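Engineer: Generate the whole structure from the sequences, applying the supplied hints.
Here the protein sequences line up with chains A and B, keeping their order. Read in order, the letters of the first sequence correspond to residues 1 to 312 in my numbering. Read in order, the letters of the second sequence correspond to residues 1 to 461 in my numbering.
Please keep in mind that the hints were generated in silico from the structure rather than gathered at the bench. Model, not experiment: these values are computed from the prediction. Hints should not be assumed to be uniformly reliable.
Pairs of lysine-lysine, DSSO-like flavour, derived with a Cα cap of 30 Å [as the list claims (entries may be wrong)]:
{"#": "1", "chain 1": "B", "residue 1": "Lys26", "chain 2": "B", "residue 2": "Lys148"}
{"#": "2", "chain 1": "A", "residue 1": "Lys96", "chain 2": "A", "residue 2": "Lys110"}
{"#": "3", "chain 1": "A", "residue 1": "Lys35", "chain 2": "B", "residue 2": "Lys213"}
{"#": "4", "chain 1": "A", "residue 1": "Lys33", "chain 2": "B", "residue 2": "Lys26"}
{"#": "5", "chain 1": "A", "residue 1": "Lys111", "chain 2": "B", "residue 2": "Lys66"}
Just the calculated beta-carbon pair ranges, DEER-fashion [unchecked claim]:
{"#": "6", "chain 1": "B", "residue 1": "Tyr277", "chain 2": "A", "residue 2": "Asp55", "range": "19 to 29 Å"}
{"#": "7", "chain 1": "A", "residue 1": "Leu61", "chain 2": "B", "residue 2": "Arg309", "range": "23 to 33 Å"}
{"#": "8", "chain 1": "A", "residue 1": "Leu28", "chain 2": "B", "residue 2": "Tyr277", "range": "21 to 31 Å"}
{"#": "9", "chain 1": "B", "residue 1": "Trp188", "chain 2": "A", "residue 2": "Ala94", "range": "26 to 36 Å"}
{"#": "10", "chain 1": "A", "residue 1": "Thr17", "chain 2": "B", "residue 2": "Ile358", "range": "25 to 35 Å"}
{"#": "11", "chain 1": "A", "residue 1": "Ile75", "chain 2": "B", "residue 2": "Ala131", "range": "27 to 37 Å"}
{"#": "12", "chain 1": "A", "residue 1": "Lys122", "chain 2": "B", "residue 2": "Ala150", "range": "53 to 63 Å"}
{"#": "13", "chain 1": "B", "residue 1": "Val444", "chain 2": "A", "residue 2": "Tyr87", "range": "55 to 65 Å"}
{"#": "14", "chain 1": "A", "residue 1": "Tyr93", "chain 2": "B", "residue 2": "Glu24", "range": "56 to 66 Å"}
Virtual Cβ for every residue (Gly too), placed ideally from N, Cα, C.
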Amino acid sequence: MSDFTSGFWNIYIAGLTIISILGCGILLWSQSKVKMEKKPGEDPASVGTTGHVWDVDLTELNTPMPRWWMWLFYITIVFALAYLFLYPGLGSYAGKLGWKSSEAYQSELKKADAEYGPLFNKYLQQDIKAVAADPQAHVIGERLFLTYCAQCHGSDARGSKGFPNLTDKDWLYGGDPDVIKTTILHGRNGQMPSMAAALGSDKDVENVAHYVLSLSDSTHDPIKAVFGKSKFAICAGCHGANGAGNQALGAPNLSDKIWLYGGGVETVMETIRKGRNNTMPAFESFLGEAKVHVLAAYVWSLSNAPSNADQK
Amino acid sequence: MDKPQPDIAIVKMYAAREEIYPREIKGRYASLRWICLWLTQLVFYGLPWLNWNGRQAVLFDLGARKFYIFGIVLWPQDFIYLAALLIICAYALFLFTAVAGRVWCGFACPQTVYTEIFLWIERRIEGPRSARMRLDRQPWNAQKAFKKGAKHAAWAILSIWTGLSFVGYFTPIHELMGEILSLGLGPWETFWIAFYSFATYGNAGWMREQVCKYMCPYARFQSSMIDKDTLIITYDHQRGEPRGAKGKGAQTGDCIDCSMCVQVCPTGIDIRNGLQYECIGCAACIDACNSVMTKIEAPLGLIRYSTERAIVSRLSLPEMRRRVLRPRVLAYTALLAIIVVAFLSMLAIRTPLKLDVIRDRGVMAREVEDGMIENVYRLQIMNTGETPHRFRIAVSGIDSIALATPSEVDIDGATTRAIPVRVRVNAGKGAHGSNKIIFELIAVDNPAVEVREKAVFFVPR
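Structural biologist: See below:
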């Protein structure tokens, strides 16, 4: 309500509101009885007209409303005044109860936490692997995953380009339950810098790309790979001398056939030339630790539970 | 005083209600009303206590958004059934009103029914009409206080029981009784019990005919459905007038002006003034007049169910009845029959299973081993019945299309689950771009529980 540059408008609106309400009351009071002229020898009350006559003989009949109806009108006035006293409505006056629409969401959240919190806290006390074995926790975890994770990682958690597959044993930062939980809680920020300048010419980039592909025995040119091998020393700082990656840094294993952005020569060259920047957001403040705990158990179970073994 | 001052009168625009003391009457229509009353109220008070397959037979679980009606569980997605039911109610009201005026108001409306029950209590405690009038006029004393107190106490007990029964449709009534005994009622339950009890007490005890006269919208728009061939409660002017006591030599009609028809009227009108908007069609005046006609040995039916045309044109009974089958009545009947049949067949062929297919938006399509193309879907499976089922998921529409995820899934009764599924086609199958496919879900133990849903499979170029 502080959008107005001048305090005048608050008073103006409050004044209009109060005057309108009181005006309704005065109108109701003044119109509940009317004075009318008695013609000789006739009692207008018994005739049942309001005494208004138009076009010579058109009279307005008085069919009185029940009196309690009138009291209903007065009650609405009392209600309006009480409401304006208790709730925000009169200009910038915040209301005696201090109710705010912006707090309604928070209070709903608090209510939901009070109801479901104990369930999640029960799981929080347990080991993640134990939670993963609990069928109820699995269903809850699945729902949480479909709501918060599936947008990027897919409903089946198999990811897509740039979003890791969570159902295999290949982990950028490690697949232990606690590490998964840390990843969800605090997020990850994976950075591969552009290596074009460090490697030298475009030819060098191509050679290194072929060497990288040779590590996993993917389709590559063996001669170019040989030329690229010496230059790979620059990459080894993060990816390791044999390209097995480094989970402490989140550097991917280059010696398997799992590619986050694709395993063709062109794609690998693009990755080397331009670098990659990847972000997994942090969910701690959004979901709270207890829900993340259940979620971590679900994600861990995707690549470890016996129920997943038959799915390849 | 050469110039006379105008005489001023004060006219009130709002009038105090005049208490109506309907006289008790016995007769054909009064019995009919009591039969309706017993039937409707046995259902209302009794239904929450009825069990069905180990749960309350009729329960509207608003929290879980599941509505149990005997063997059926309705979900919010089944809202169309409620809409159909309301349409049926509306057309039935049109039809009955066109044929016989405000029969609903007079015999089945809760306002009439509860007023009748409250009046019955009032008569048992305060006595008949004249005694009640006397009691209200006399100054307060111990006896008056006792009678009034007893009446209101009885009304209050009945009202609270009514409120409890009402809430018993939304909270399992056995739990509700337990909560009351342990003083553990929730805030909303308390509110609705109090609200419904107060509404019953106020409407049937205090407001009575004023609800029909000033509040009820149906009362007003029913008059637009009445025509000259609608059966209404009518006073036969030609036979009755001029009214007056018999046997004084005067030429009088059959009406002896005993005012019994006015005394029994719950809305306090005089039916001899013709059809009025206050008339709720309860036919109490017919019972009253017939009892008087029997006593004075005149033919019955001075006040009777008749039509405006029949009274004016002196139609015989068969002539009047033939006119009931006029086009609007036939049209209402036909429409009502069609909707009822459609409603019942919808209910009968309803499958207790729903399926929504949601294609993953993040992943258009993936190429997996051997160049197969894979799409990911989320199947939102709603087992709306109460029995758990194992469902088999099948997919068709493209050559070689198959599921890459387990094809069977267990879903508990009255439960929703979202199942991620992966669907694959071999390399080169299906057109580039969108292909129409169909998901089919069948209960393994009961092939009748089956549902199909269309979806789109994307093959990249």
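Engineer: List in ascending order the numbers of the hints, as given earlier, that are violated by the structure.
Structural biologist: Of the numbered hints given earlier, those the structure breaks are 4, 10, listed in rising order.
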